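K.L.:
Each chain, written out:
8 protein chains.
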Amino acid sequence: MSLNVYLSGEIHTDWRQRIIEGCRDIDLTFSSAVTNHEASDAAGDLLGDEEKSFWRDHKSAKVNAIRISTLIEKCDIAIIRFGDKYKQWNAAFDAGYCAAKGKPYITLHSEDIIHPLKEVDAAAHAWATTPEQVVELLRYMVSDQ
Amino acid sequence: MSLNVYLSGEIHTDWRQRIIEGCRDIDLTFSSAVTNHEASDAAGDLLGDEEKSFWRDHKSAKVNAIRISTLIEKCDIAIIRFGDKYKQWNAAFDAGYCAAKGKPYITLHSEDIIHPLKEVDAAAHAWATTPEQVVELLRYMVSDQ
Amino acid sequence: MSLNVYLSGEIHTDWRQRIIEGCRDIDLTFSSAVTNHEASDAAGDLLGDEEKSFWRDHKSAKVNAIRISTLIEKCDIAIIRFGDKYKQWNAAFDAGYCAAKGKPYITLHSEDIIHPLKEVDAAAHAWATTPEQVVELLRYMVSDQ
Amino acid sequence: MSLNVYLSGEIHTDWRQRIIEGCRDIDLTFSSAVTNHEASDAAGDLLGDEEKSFWRDHKSAKVNAIRISTLIEKCDIAIIRFGDKYKQWNAAFDAGYCAAKGKPYITLHSEDIIHPLKEVDAAAHAWATTPEQVVELLRYMVSDQ
Amino acid sequence: MSLNVYLSGEIHTDWRQRIIEGCRDIDLTFSSAVTNHEASDAAGDLLGDEEKSFWRDHKSAKVNAIRISTLIEKCDIAIIRFGDKYKQWNAAFDAGYCAAKGKPYITLHSEDIIHPLKEVDAAAHAWATTPEQVVELLRYMVSDQ
Amino acid sequence: MSLNVYLSGEIHTDWRQRIIEGCRDIDLTFSSAVTNHEASDAAGDLLGDEEKSFWRDHKSAKVNAIRISTLIEKCDIAIIRFGDKYKQWNAAFDAGYCAAKGKPYITLHSEDIIHPLKEVDAAAHAWATTPEQVVELLRYMVSDQ
Amino acid sequence: MSLNVYLSGEIHTDWRQRIIEGCRDIDLTFSSAVTNHEASDAAGDLLGDEEKSFWRDHKSAKVNAIRISTLIEKCDIAIIRFGDKYKQWNAAFDAGYCAAKGKPYITLHSEDIIHPLKEVDAAAHAWATTPEQVVELLRYMVSDQ
Amino acid sequence: MSLNVYLSGEIHTDWRQRIIEGCRDIDLTFSSAVTNHEASDAAGDLLGDEEKSFWRDHKSAKVNAIRISTLIEKCDIAIIRFGDKYKQWNAAFDAGYCAAKGKPYITLHSEDIIHPLKEVDAAAHAWATTPEQVVELLRYMVSDQ
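Protein chains in written order, with my numbering: chain A, 43 to 187; chain B, 43 to 187; chain C, 43 to 187; chain D, 43 to 187; chain E, 43 to 187; chain F, 43 to 187; chain G, 43 to 187; chain H, 43 to 187.
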């Protein structure tokens, strides 16, 4: 049994690496949006300059959306990470998108943001607080038991 | 021509009332999640006490989700409002849910949160900064021109 | 706001009546499979006698399935009741059907069957132990708050 | 021609082994939920202790549901087994889920539970009483005739 | 409870009238393709003459298909009638269309064509031999039991 | 029998009026995008000025798209009109959208553009050259024959 | 470019072999129902004897339906063949099924049954009269032009 | 990460070659309709002569549609090119088809046709003016950042 796992959300800590590393010996394929912050913000720049920041953001976000929606469509499960900084509305957006598409997802966040994330957690299949728990869940999911 | 409009997001300002009021004379039906904050947080309490806040939140969020997903399923268009306080991850979740279901939505937020909302705006059909603009868009949409 | 509510499961106690009665003054439409046990078992008899009980059951179950699948398709929410007798596999079947169709459902059962119902409860939006709790949840769902 | 076959239900007899063994020389892929009873019940324990058995069960069932719904989504056909012990509501839930998703399934159960399983059998493509019959059906399905 | 019933197939006997008549006092809506044979064959003639009979048939069949697919989409159940004359491939086509769309249907035909109709009957929810049986099934389906 | 008819395409001749007029006495509901050219081009202007014509067009087109996609979703049949001027790519876009959604459509255009419209006509259910033919087709479709 | 081609219908002439042979050197995968008439009719016999021919046919047809619906689901295009004998309602059923699922199909039949097949041809992408034409169409479809 | 890219539209310039060439070293699969103009127009000729040009075009367009709809169904992203000649309604049709199917697409056209393409661009994820920009977008999309 093999699974495609989409990793959504926070790009400023090493949670992606820790999950991928912990699953190195099992049959999983991981994918993500472009996680290089500057490259991501500039994704649409090659299509021409914009004076208004709204349109610059708009073009880049839409270019990134092609990749993101394609990867969510192909994944079997998503891990959606909320860190302790920034708005992270894109992570919540991905969660809603997964819920509507019937893609199961696991949230990964600390205990202090339980209340504002209650709607996102309500549609999740599990809530983890460490990448190591996610690793253990993924290992369980593809085990031969 | 008649439209069902779902109003999602911020519950601490009067944006819902201003939109509903502005559309009083045209053929629109508006709906929302329960917007009484305390009632919403307590939606699952009647099903038994919980010691852990996670489970209290979980039960209430799931009860609310029945209403929310039903209303989004029935709506023709959603208005998704981000205010200047709180995390508002549920609004971003609703936006992602609408996007995946092919329900068009209009975002309503001020200019200073353009950047963190770029993914949410990228999938929107319009971005408005005042309820009055939303009123004008809705009036246009059902006009006889 | 109006809701179509499908009532699935146990036919030997008065839970349906108690829910319908408790919601008499609000805008809900209730539906059920044929709950007259003998009529239900004989639903296919008019199409000819069968020597094997398998085929008699088969014909009746398929006739009933037309009604059931149509009503689940039309409902906004299902209440799925497990009593303390009989196998009630049809109720679990309806729950799986609702889950796959994205129809939210509330389970109604006592505490002593939590463990065998864990997969059914895992996909539910709420678990209630009394019809009165269901009434309260439904009233909340269509309230004007 | 190759087929993905999902094996759902009873975990206390050797029906899975007998089917897999009987199909060893043909092009089928078999999958199952985790069938180690204790591992399955404990699937969510790593996410933290729960005092209430409902939540312990809930967390584990949801973790297992990720695997189950993914495998049903990927399968071409399901075999759904009802033994002579336990409630086995999860097997009936899987049957309803398959029916709603348009996934064909074969039930495998003895003659004495025909009546309570009539709704589950009504949506099945075949009813078998022994694993060897299932083997023969699967061999027929991928044959070159 | 109300149902939309689509009547497909044979146009040379009075089975439609007998069903509609028998259900006069209950809440059902019946629909059909245009059953006037000559009008149906000429449905596309107003769009211009054709020398080849293939294209004349093609244009008419496509005009009729608009009505038929719309009505099947709107129906809750279809009755599919095979008489003892003609090829009636359109009735079998409608049956396959219903099966793929998840619309339940009842076949109505005599015993002597069981074998050639076995695939059509296999996907049906019931097989009746007289319009009166269909009436009884429909009355059962919307009954208050 | 009633039908919702969506009228797409050319806005510079009176084809819409002639169809609506010709169907005045039968049970059809007609809808269209906003057909006032200037109002349509300015649909997004209230959301703020744009220096680049691309963004002005973009905002207006997206506002109009809310109405258009909602109406196509609700229609039973579309009439798609190509006149003898302008690019009319939006009409071809609507045709492709209808085809993918399984909405039947009739094209309305003169004989001299058969070749460039062959892909659009290939997915249509009929090709008419005058509004009066469309009227006759619609009258046929809802007739009681 | 590779295609999965499902071959449906007549089993008494060599049309399948002629198509497969003609495409031997290109990248196509062909599939069919079990075309051994006796094996097909007996597909359900191993599940127990039936006195009534209806149930014997029913069981076999449902076993065959698992294979057929799976193959249609996996195919990119179907070829649907009507010969000059037998009722061949299963071929028309497959055509309707394909139409509803959005699977393109080509019909293969002689000129003398154009009229009774008009509804089946109306939803087809092409009508061929010889297997060699089908071969040519398939070769064209995967060509590098 | 690998992507299937469908190239739709103009066949008279070398834009396809430039994109394919520019992506030679990355993991993309490209597909197109048959782009040999004469072969495409003659796709249905082998099925018999037609006196009316409408039917010749019709047969060829439907044969081509099998390939096109199959390729769009399989693609992850489409590039839709509008040149400066011809009507190109088929390209706009493909865009509408992609939009309805939720397939992201990038338009490729010069600045002088912004206005007539506004509805097509409104549903696109990006607008490029040169094949080299498309190459850069595709390279970004599958990058390892």
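Don't read these hints as lab results, they were simulated from the structure. None of these values were measured; they are calculated from a predicted model. In this text, a Cβ means the ideal position worked out from N, Cα and C, and glycines have one as well. Be aware that one or more of the hints could be misleading.
Calculated lysine-lysine pairs in the DSSO-like style (CA-CA distance at most 27 Å, straight line) [claimed, not checked]: (1) K129/H x K94/F; (2) K127/B x K129/A; (3) K143/A x K129/H.
Heads up, incomplete: computed chain A residues facing chain D, CB under 7 Å, no partners named [to be verified]: (4) G90; (5) D118; (6) I119; (7) A168; (8) T172; (9) Q175; (10) E178; (11) M183.
The following residues of chain G were derived to be distant from chain H, with all beta-carbon distances above 12 Å [what the hints assert, rightly or not]: (12) K145; (13) A166; (14) D186.
K.L.:
Confirm or reject each hint.
P.N.:
Against the structure, the hints come out as follows:
no.: 1; hint: K129/H x K94/F; result: 26 Å, holds
no.: 2; hint: K127/B x K129/A; result: 11 Å, holds
no.: 3; hint: K143/A x K129/H; result: 37 Å, violated
no.: 4; hint: G90; result: 41 Å, violated
no.: 5; hint: D118; result: 5 Å, holds
no.: 6; hint: I119; result: 6 Å, holds
no.: 7; hint: A168; result: 5 Å, holds
no.: 8; hint: T172; result: 10 Å, violated
no.: 9; hint: Q175; result: 6 Å, holds
no.: 10; hint: E178; result: 5 Å, holds
no.: 11; hint: M183; result: 5 Å, holds
no.: 12; hint: K145; result: 9 Å, violated
no.: 13; hint: A166; result: 8 Å, violated
no.: 14; hint: D186; result: 9 Å, violated
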